[in-house]
Structures are given as C-alpha cells and as structure tokens.
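Assemble chain B onto chain A, guided by the hints.
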Amino acid sequence: MVNLQSIPSPPVHGEERAHEADRPTSLLAAFGADQPLKLDCGIDLSPFQIAYQTYGELNADRSNAILVCHALTGDQHVANVHPMTGKSGWWETMVGPGRPLDTDKYFIICSNVIGGCMGSTGPASTNPATGKVWGLDFPIITLPDMVRAQTMLIDRLGIDTLFCVVGGSMGGMQALQWTAAYPKRVFSTLAIACSTRHSAQNIAFHELGRQAVMADPEWHHGRYFEQGTHPHRGLGVARMAAHITYLSDAALHRKFGRRMQDRDLPTFSFDADFQVESYLRYQGSSFVERFDANSYLYLTRAMDYFDIAADHDGVLAQAFRGIQTRFCVVSFTSDWLFPTAESRALVHALNASSARVSFAEIETDRGHDAFLLDVPEFFDIARAFLQSAGKARGLT
Amino acid sequence: MQQQTLPLPGVVAPDTGHYRGDHLLVAEMVERGSKVLDVGCGEGDLLQLLETRGIDGRGIELSREGVNRCVAKGLAVVQGDADTDLINYPDDAFDYVILSQTLQATRQPRVVLENLLRIGRRAIVSFPNFGFWKMRIQLLVGGHMPRTENLPATWYDTPNIHFCTIKDFVQLCDEINVKMERAVALDMYGRPLRVNLPWWFWNMFGEQGVFLLSRAEKGK
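Taken in sequence, the protein lines are chains A and B. By my numbering, the letter at position 345 of the first sequence is numbered 345, and the numbering carries on one by one without gaps. By my numbering, the letter at position 18 of the second sequence is numbered 18, and the numbering carries on one by one without gaps.
This is chain A alone, in the form it adopts within the complex (with noise of 0.2 Å):
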C-alpha cells in the first residue's frame, strides 16, 4: 500500500491563536464608537484596536520615529521574542542598537496590519456586536485601510511627521501607499522588495492559496472556530505555495538540490524523501500554528486589491507629484515574485516626479525573501540612506 501523507496536525493552538487576537502580549491601541476607522468598502470599522511594539526612544522634538510595516504574515514584534512561537523577532538582523534601523538612535514602531491575528482587529478578533468570532463577517480590508489604521496609531503617539516609513513586500505597499497618500508626514520612505501594485501572476498565486484555505473540509465557511478546529491542511498547503515563491530555483538548488531526507533510497511511496518536501511540510505546518487561516483570506485580498495608480487615472507619476519625500528603493536580481521591473516602474514615475530618490538592485540568488535575511549590502545602504536623510532632519 502507497504510503500516504500530507502536513502533519500541529498540537492544537486555538486557545493560544484566539488569545493573541483579542488580548495580545503587546502594546494596545484602542479606539472607541467616536474613532471608527473608515474603511474603503464604505463600512465604518468601530470599535476596533492595534496592537503594536515599540523599541528605542521617542525624541523630544518628535523628530525620530521611524514605522515598520509588517508583510503577509508578519506581524508586530520585528526585535523581540514572538510570544507564540519562541524564536527571535523577524527582522532582529535590521532593527537593533547598532543596527541599520538603530535603536539607540530611532524610535521604532511596528503594529500589525488590521485584519492581522496578532491583537489588531480582525477576522480572529472578536465581534464586540456579538459577542462571537468575526470570521467572515468581518469587512474585507484594503491595504489604504491598513495605513488608515496606522495613521490614528501615529496621532495618537503625537508624532505628526514620520522620520521613515519602512518596509519590504507587503511592508515596502504600505510604505508606499503612506507616502502616497500622506507625503507631508512622511519624511523619508524606505520601499524593499515591492511594487505599487500587486501583479496578475501575484494575485494568482493568491488565489491558489485562498482556495487551499477554502478546500479544506475543516474550514467550515470560515467559522472553524466554532468547530474547534482549523483548517491545517489548507492554509498549510497554501503556505508550502506562497513559499515556493518567496525563494529562487537557485536558492533552492543550493539548499536541497535532489537531497534525500533521512535516507538513501526512494521509500516508492509519497512520503517525503526529498530534503526540500520535508522543509516545505515544515513550512507549512509550522505557519498554521501561529497564523488564522481567515487573516490569510483577508490580507492576501487586500494585496490583491493594491493598485496605487488606479486611484490617479493609472498614471503613476501623478500619485507622487510634487513630493519632498525622500525615497530609496531596493529590489533583489533573484525576486521574481516583486521582480526589479517593478521598482524600476515606481523610480520612473518618481523621476518624473523630480522626487529625491535612490534605487539599488542588490545581488543575490536568495529570492524575495532576501530582503528579511543577512544581506551586508543591502543593510549598507538602508543605514547610509537613514543616515543621510537623518541629517537632512536634523537628526545626529
């Protein structure tokens, strides 16, 4: 009989997941019935709360705060021990004393996005109206909504301008869509591995995922919760995909090649005999531990929908005019899931807008993931790009 296996069940975090949602082991923003957060749907999100992290310390003049925007499936904590999961923050080789983004110098803020699970509202957040999980009912998010929500987090911090905005991915959209929309609190803006719009091949990965998520018995219509169950198997599936895209052929060649896992002959069954099926099963059942599988849903949309342009008659150049905004933008030659074509895009159209900006293509055959790992050459730059636009604000 062929041995069948797919994503082993993880040990059952429901409790854990839901408890992060609502009351997470971090910074709480809450905002009532006379603050709602008007989304672009047209419905008004009210109450609703985001959760977010700190690190370094605010100036007197306000002056140094720089926002870290999370991708997919970040979340909040980019320098610290992620409270689910044990290990270190995501992005602890960026935000540090001493690091490109230098605590000791700026005061970093990194809130996960609405529609997030890590305490920001969301699908996993409960429906104050009902008492019950939001799940489906919970309005479908833009990523201009996202930055809507960080925009009452920052005014409610006191902070008026923005040393920096920061990010990569999804982070490097939201980046963008905050110097878009508000350039003047915006000071400088710094876009990794992005695009000012999500692309056809992205949106059909997406939709690969989605469908994963929603193929799995266990999914129940988005209301799992209920069931006590989550849909593993889905999400992990989804996961193992949208992986397989943040990688390169030469990344993975160099990591598994034809490897065999644990053994020397084929098993002539589906068990995972190559290296690189058993990192991808680990992938993917190590995200549904820690992810809801509706947040899924939710933001991949939300990227699906990103389209900077569209709301300036498609013309790029016209969302960025004028702007005093200082930007620099970095791709990686190997990212094939934000290629460098879409950086390049968004430097014409802010050269044409005469906008201050600086765009390096970093060597590397790591993938789009490379932006989160140990890239010397790229932390050189996103240190003298904060350190040249800091003394242009005055910052020592």
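Please keep in mind that the hints were generated in silico from the structure rather than gathered at the bench. Each hint should be verified, as a subset may be incorrect.
[Stated by the list, open to error] For lysine to any residue, the following SDA-like pairs were computed, each having C-alpha atoms within a straight-line distance of at most 20 Å: (1) B/Lys-35 with A/Arg-321; (2) A/Lys-391 with B/Thr-52; (3) B/Lys-73 with A/Arg-321; (4) B/Lys-73 with A/Gly-98; (5) B/Lys-73 with A/Arg-393; (6) B/Lys-73 with A/Asp-313; (7) B/Lys-73 with A/Val-375; (8) A/Lys-132 with A/Ala-18; (9) B/Lys-73 with A/Thr-396; (10) A/Lys-391 with B/Asp-56; (11) A/Lys-391 with B/Leu-49; (12) B/Lys-35 with A/Ile-323; (13) A/Lys-391 with B/Gly-33; (14) A/Lys-38 with A/Pro-139; (15) A/Lys-87 with A/Leu-373; (16) B/Lys-35 with A/Ser-354; (17) B/Lys-73 with A/Lys-38; (18) B/Lys-35 with A/His-348; (19) B/Lys-73 with A/Asp-102; (20) B/Lys-73 with A/Pro-376; (21) A/Lys-87 with A/Arg-281.
Using the frame of chain A, we list chain B on its own:
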C-alpha cells in the same frame, strides 16, 4: 544651422588635489543652490563634490556596483542607462544635466545630447578628444587603434563605441542647435589649455573637452 567657433570663455578651477581636475571644472560651471542630474555618475565622486557646495544632486549609473556604492554614500542615485532611461525624466526637471566622460559610450550620442538639454536648462558634457595628438600618432605611425592612460581598453573590449574629436562635437552642437556657453580643453595633465589659443590647437593638444551647453534660441 549656426556656426560656432572656439575658443570660448572657460572657467578656472581651484587646484585642490583631492578631486579630479575635470570634476572641479564641472563644479565651477554649476551655480550654487541649483538642481543637478549627473548621468553616468560612477561611484558618485562628482556628486559628493557638488553636495559640499550646497547643490542638490541626483545621479544615474549603469553599473550595479557603482549605484550601490553611491547609495551607500547616501547619494540619490538610481540604476539606469543614459540611452534608454533619460526619456523618463520630464522637461526642465533640472538646472544642469551633467554627462561626464560618458557620451562616447552611448549608443545614440545625438539623442542623448538632445535629451540632456530637454531635461536640463543647461548641460555640461565632457569627453575624451580623439583628435588628441597622441591618438593621431598611434594611428598614423603605430597603425593601431589608440590607447592611452585614460582610455586603456583595447578596441575589442572598450565600452566606448562613439569616439569624436572636439571639432566633431562642435559640429554636432551646430547641427542640433545647441549653444556652447563655455568650453575648456584639458591637456594630458588635466590642466586647462590657454583660452587664447586657436581651436585647431585645442583639437590637437586637448586630451578632453568640457563644454557648458544651453538651448539656442530658435531661428539662430
């Protein structure tokens, strides 16, 4: 078509050893407080010099290594190609557009030159003079393509595909209605040649030419 003749008033650059002679000359031609695009900015030496003079400088550079070094110096530089990317800049975006030792490496020097003066109100162009006596002797006597200290590449691996002489360049400026405001020829030691010398002397003894250009008024 206009007929322009050399010599033209030049500029005198201070001798401050640290910077390249032609960079100092270019910097002298740029008014303080202006906005400058340096096309083919290499590792950003000229941009850094300009920034010390309060000039808002931007750069385009073809090589990724060059760009990354510039950005790591905090300069606003983008990766791009003079032949294909200048088209993305709007009219009158800069006070000056600089093309330093790059014209001869472009595929369409004439189009590039026209773009420089579309994007910038003025352009500063420097290029190696192929009419320099050492070049002529190598071809005449040696019978091989010239190579010099500043242009060491062999014919088969040089990036320079459109060499010209100072005389050729002046002719092109006439043809495309570009006004030459200032001109300097540098000798093989990077020193400016005397202004009161005849143009053929420049064409023979200038190793490179540096020109400040502007748009000629229509009909002249």
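Distance restraint between B/Lys-73 and A/Gly-98, which requires alpha-carbon spacing of 20 Å or less: Satisfied, since the Cα-Cα distance of roughly 18 Å is no more than 20 Å.
Given pair status - A/Ala-18, A/Lys-132, alpha carbons within 20 Å: The hint holds at about 11 Å.
Given pair status - A/Pro-376, B/Lys-73, alpha carbons within 20 Å: Answer holds: B/Lys-73 to A/Pro-376 is near 15 Å, not above 20 Å.
Pair hint outcome, B/Lys-73 versus A/Val-375 [Cα-Cα no greater than 20 Å]: Roughly 17 Å separates the two Cα atoms, so the pair holds.
Pair hint A/Lys-391 and B/Gly-33, alpha-carbon separation not exceeding 20 Å: holds (18 Å)
Hinted pair A/Lys-87 and A/Arg-281, Cα distance within 20 Å: OK: A/Lys-87 and A/Arg-281 at ~19 Å, within 20 Å.
Straight-line alpha-carbon gap A/Lys-391 to B/Asp-56, limit 20 Å: holds (14 Å)
Given pair status - A/Asp-102, B/Lys-73, alpha carbons within 20 Å: Holds - the C-alpha atoms of A/Asp-102 and B/Lys-73 are around 17 Å apart, at most 20 Å.
20 Å limit on alpha-carbon distance, applied to hinted pair B/Lys-73 and A/Lys-38: Judged against 20 Å, a Cα distance of about 41 Å means the pair is violated.
Pair hint outcome, B/Lys-73 versus A/Arg-393 [Cα-Cα no greater than 20 Å]: With a Cα-Cα distance of about 17 Å, the restraint between B/Lys-73 and A/Arg-393 holds, given a limit of 20 Å.
20 Å limit on alpha-carbon distance, applied to hinted pair B/Lys-35 and A/Arg-321: Roughly 17 Å separates the two Cα atoms, so the pair holds.
Distance restraint between A/Lys-391 and B/Leu-49, which requires alpha-carbon spacing of 20 Å or less: Cα-Cα ~17 Å, so holds.
The earlier numbered hints that this structure contradicts are 3, 6 and 17.
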